Amino acid sequence: MISIEHINKWYGDFQVLTDCTADISKGEVVVVCGPSGSGKSTLIKCVNALEPFQEGRIIVDGISVGDPQTDLPLLRSRIGMVFQNFELFPHLSITENLMLAQQRVLGRSADEARDTGLKLLDRVGLKAQAAKFPGQLSGGQQQRVAIARALAMNPIAMLFDEPTSALDPEMVNEVLDVMTELAQEGMTMMCVTHEMGFARRVANRVIFMDKGHIEEDCSAVEFFGSPRGERAQHFLSKILHN
Amino acid sequence: MDFSNILPALPSMMDGLWLTLKLTVLSIIGGVVIGTLLALARLSKYKFLAMAAGFYVNYFRSIPLLLVITWFYFMVPFIIGWVTGTNRPVGALTSCLIAFMLFEAAYFCEIVRAGIQSISKGQINAAYALGLNYRQAMQLIVLPQAFRKMMPLLMQQSIILFQDTSLVYAVGLMDFLNTARSRGDIVGQPHEFLLFAGLIYFIISFGASSYVTYLKKRTTV
Ligand SMILES: Nc1ncnc2c1ncn2[C@@H]1O[C@H](COP(=O)(O)OP(=O)(O)OP(=O)(O)O)[C@@H](O)[C@H]1O
Ligand SMILES: [Mg+2]
Numbered sequence: 000m001i002s003i004e005h006i007n008k009w010y011g012d013f014q015v016l017t018d019c020t021a022d023i024s025k026g027e028v029v030v031v032c033g034p035s036g037s038g039k040s041t042l043i044k045c046v047n048a049l050e051p052f053q054e055g056r057i058i059v060d061g062i063s064v065g066d067p068q069t070d071l072p073l074l075r076s077r078i079g080m081v082f083q084n085f086e087l088f089p090h091l092s093i094t095e096n097l098m099l100a101q102q103r104v105l106g107r108s109a110d111e112a113r114d115t116g117l118k119l120l121d122r123v124g125l126k127a128q129a130a131k132f133p134g135q136l137s138g139g140q141q142q143r144v145a146i147a148r149a150l151a152m153n154p155i156a157m158l159f160d161e162p163t164s165a166l167d168p169e170m171v172n173e174v175l176d177v178m179t180e181l182a183q184e185g186m187t188m189m190c191v192t193h194e195m196g197f198a199r200r201v202a203n204r205v206i207f208m209d210k211g212h213i214e215e216d217c218s219a220v221e222f223f224g225s226p227r228g229e230r231a232q233h234f235l236s237k238i239l240h241n
Numbered sequence: 000m001d002f003s004n005i006l007p008a009l010p011s012m013m014d015g016l017w018l019t020l021k022l023t024v025l026s027i028i029g030g031v032v033i034g035t036l037l038a039l040a041r042l043s044k045y046k047f048l049a050m051a052a053g054f055y056v057n058y059f060r061s062i063p064l065l066l067v068i069t070w071f072y073f074m075v076p077f078i079i080g081w082v083t084g085t086n087r088p089v090g091a092l093t094s095c096l097i098a099f100m101l102f103e104a105a106y107f108c109e110i111v112r113a114g115i116q117s118i119s120k121g122q123i124n125a126a127y128a129l130g131l132n133y134r135q136a137m138q139l140i141v142l143p144q145a146f147r148k149m150m151p152l153l154m155q156q157s158i159i160l161f162q163d164t165s166l167v168y169a170v171g172l173m174d175f176l177n178t179a180r181s182r183g184d185i186v187g188q189p190h191e192f193l194l195f196a197g198l199i200y201f202i203i204s205f206g207a208s209s210y211v212t213y214l215k216k217r218t219t220v
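Chains Z and V, in that order, give the protein sequences. If you read the first sequence in numbering that gives the first Met the number 0, its first letter stands for residue 0, the second for the next number, and so on. If you read the second sequence in numbering that gives the first Met the number 0, its first letter stands for residue 0, the second for the next number, and so on.
Bound conformation, chain Z alone (with noise of 0.2 angstroms):
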């Protein structure tokens, strides 16, 4: 589904990817982690586009992401996304929110997308908050928003940043189950996150970088039980203790 071959990417001199290839495959649950600055984030726009890369390959549902030729607004539109500062538009209600893309970009009639956008927000337990603005919803609310945000778009692969690490601790549970119940209802993932309870519970892979290099990409059970290198063992047992 999700194909990243020998990615290198640099900004100015400084390389942030070094030869990252990943397979994820259609219905598989993979958790990116890693120290900060390692390169998650780059990596996982470089999958939707949303950063451009020198060289290498990310192929998408058999679609060439770097291919200047694609339609990359088409390409996008087929791939989630939620960001770790959530990101809905504070300038819409939360309907407007959930409708404006399936609007103008899936051409659908505002009474369908408002169909469909309801319907989503009733998933994510948020059908009463329909009518707020963003700024009064709770970050937990509007992280759940965000999600159905990206599902009201019919996608075939969702990609999350750090969906949780701007939360408050109370709230991260809440959207940690919307996307257990995602992943159990066989949505391809892609999520950077460092809740390795997640990722023990959900993950099918997990793939962690460091200096902008995939060091390891394993089975959850494996990456658990005995990480092979030192630098994923070491930052294992930093985050275990936390």
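Check each hint, because a few of them may be wrong.
Listed below are the simulated DSSO-like cross-link pairs for lysine-lysine, each with C-alpha atoms no more than 30 angstroms apart in a straight line [claimed, not checked]:
| id | chain 1 | residue 1 | chain 2 | residue 2 |
| --- | --- | --- | --- | --- |
| 1 | V | K216 | V | K148 |
| 2 | V | K44 | V | K21 |
| 3 | V | K216 | Z | K131 |
| 4 | V | K120 | Z | K44 |
| 5 | V | K46 | Z | K44 |
| 6 | Z | K210 | Z | K237 |
| 7 | Z | K126 | V | K215 |
| 8 | V | K120 | Z | K131 |
Treat the hints as calculated values from the structure; they're not laboratory data. Computed from a predicted model, the values in this text were never measured in an experiment.
Based on the hints, put chain V with the ligands in the right spot on chain Z.
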């Protein structure tokens, strides 16, 4: 001081005020539209476009408005005649409107540019990630938020523009100030008429800027 002559002159001064307001409102609309396009050009990834827009803005911000008004008064009929191939005079009002729009666009551009830059990269990424294209992302996500944030500054600039419209006296347009001045001269009481004109300018400008202060307070709370 004798203000009794002002009352009979009111109808013609109202006409002048109407012209002033018309000039102001149309110039704001044109200035903001052109300014927004300039701001998008300045922030464009196409270096030539960004440089051209930057040159435009710096140029118009470095020359006096009065110069632009008189310059356009002579230039615009010539250019329009050259473009359309006819030799019809366009009149001082049209040339002044074009001068104001193009001049003020340089100032509005810088306000809108700051507004666009104040919107986080994350918002733009979210818009793109949903499949919006550049135009949609700007039009539906970035600009509405930028304008909301920049409203006080845009209004402040508009108040300055309102006062600057009085410079059209240079090409003989009978705006509010010019009408008041000439009516005062006719009856030999220029001071009374100018005092009255000043009062009206003050009321409108001060009223508008009080409203801006109120808006600012409301948006920062
Ligand atoms: N626009 C940019 N220009 C230059 N360097 C950048 C840019 N964006 C990111 N970097 C650098 O690239 C590296 C990787 O950044 P990235 O955000 O992908 O890391 P990350 O693994 O997501 O970290 P975190 O856990 O803090 O989110 C960092 O060293 C960062 O400083
Ligand atoms: Mg990151």
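A quick look at each hint next to the structure:
Between the alpha carbons of V/K216 and V/K148 the distance comes to roughly 12 angstroms, so the proposed pair stays at or under 30 angstroms and holds. For the hint pairing V/K44 with V/K21, the CA-to-CA distance comes to about 37 angstroms; that exceeds 30 angstroms, so the pair is violated. This hinted pair checks out: V/K216 and Z/K131 have alpha carbons roughly 23 angstroms apart, not beyond 30 angstroms. A distance of roughly 13 angstroms separates the Cα atoms of V/K120 and Z/K44; the hinted pair therefore holds under the 30 angstroms criterion.
At most 30 angstroms may separate the alpha-carbon atoms for a hinted pair to count; V/K46 and Z/K44 meet this at roughly 25 angstroms. For the suggested pair Z/K210 and Z/K237, the alpha carbons sit about 17 angstroms apart, so the restraint of at most 30 angstroms is met. Restraint check: the Cα-Cα separation between Z/K126 and V/K215 comes to about 33 angstroms, which exceeds 30 angstroms; the hinted pair is violated. At most 30 angstroms may separate the alpha-carbon atoms for a hinted pair to count; V/K120 and Z/K131 meet this at roughly 24 angstroms.
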